[in-house]
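Once you have looked at the hints, place chain H on chain V.
Chains as they are written, first to last, in the numbering used here: chain V, 104 to 215; chain H, 29 to 143.
Simulated from the structure, these hints should not be mistaken for laboratory data.
Computed from a predicted structure; not experimentally measured.
Wrong hints could be hidden among the right ones.
[Stated by the list, open to error] Using 20 Å as the maximum straight-line C-alpha spacing, the simulated EDC-like pairs for lysine to aspartate or glutamate come out as follows:
# : chain 1 : residue 1 : chain 2 : residue 2
1 : V       : K106      : H       : D66
2 : V       : K202      : H       : E90
3 : H       : K111      : H       : E90
4 : V       : K106      : H       : D87
5 : V       : K158      : V       : D170
6 : V       : K202      : H       : D82
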Amino acid sequence: SQKIEQNSEALNIQEGKTATLTCNYTNYSPAYLQWYRQDPGRGPVFLLLIRENEKEKRKERLKVTFDTTLKQSLFHITASQPADSATYLCALTTGGGNKLTFGTGTQLKVEL
Amino acid sequence: DGGITQSPKYLFRKEGQNVTLSCEQNLNHDAMYWYRQDPGQGLRLIYYSQIVNDFQKGDIAEGYSVSREKKESFPLTVTSAQKNPTAFYLCASTPGGGGYNQPQHFGDGTRLSIL
Chain V
104 SQKIEQNSEA
114 LNIQEGKTAT
124 LTCNYTNYSP
134 AYLQWYRQDP
144 GRGPVFLLLI
154 RENEKEKRKE
164 RLKVTFDTTL
174 KQSLFHITAS
184 QPADSATYLC
194 ALTTGGGNKL
204 TFGTGTQLKV
214 EL
Chain H
29 DGGITQSPKY
39 LFRKEGQNVT
49 LSCEQNLNHD
59 AMYWYRQDPG
69 QGLRLIYYSQ
79 IVNDFQKGDI
89 AEGYSVSREK
99 KESFPLTVTS
109 AQKNPTAFYL
119 CASTPGGGGY
129 NQPQHFGDGT
139 RLSIL
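For reference, chain V alone in the conformation it holds in the complex:
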């Protein structure tokens, strides 16, 4: 079955720097990969979706890359702010394509 690995250790960075989070997967390449943000005690909020034939996707300060050779997606937040502190989840398709498999998430802390 598909397995997703996200760094379980929290990532601490200074305000203004670029945060880079990693999502690695095993087995077959998904057709689509999604990134979500989750705040404590809240549900995840969708951020970006990238297709397997897209190398990169951007939205404001966010950028996602998708490397099917490395079986990896990178999620970047440029000019990070304390308000960006949250847990970030990656998710990809499995099976017939109507279900998502989620990673465990990586906690990001942006310090002043």
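The following block gives chain H in isolation, referenced to the frame of chain V:
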């Protein structure tokens, strides 16, 4: 504003008791999902429904039941057969009948604990 409402926010269950978690959406979405989130684990799919009066088991359906009598509502019952029910439960929806190219919209969850 449209969205997904989950209630209650916190729920306590006694041993041997069934409890029902509510999930209502006013997004006019066809598909709805229930996930369970435990510390250190990714979201795990319990049940999903792509259309009214139809639903499918997810990866961890044992000890749970659902119904989908209305498009807007997808309640989850945690039965006494679920031996480890303490978790954060999340309801989600997608516009079409589900699909890997559709972002999921989530509610803010119900935290269930055992007394």
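Now for the hints, and whether the structure bears them out:
1. V:K106 to H:D66: The hint holds at about 17 Å.
2. V:K202 to H:E90: OK: V:K202 and H:E90 at ~18 Å, within 20 Å.
3. H:K111 to H:E90: Distance of about 10 Å is within 20 Å: holds.
4. V:K106 to H:D87: holds, 14 Å
5. V:K158 to V:D170: holds, 7 Å
6. V:K202 to H:D82: Status holds; Cα separation ~16 Å.
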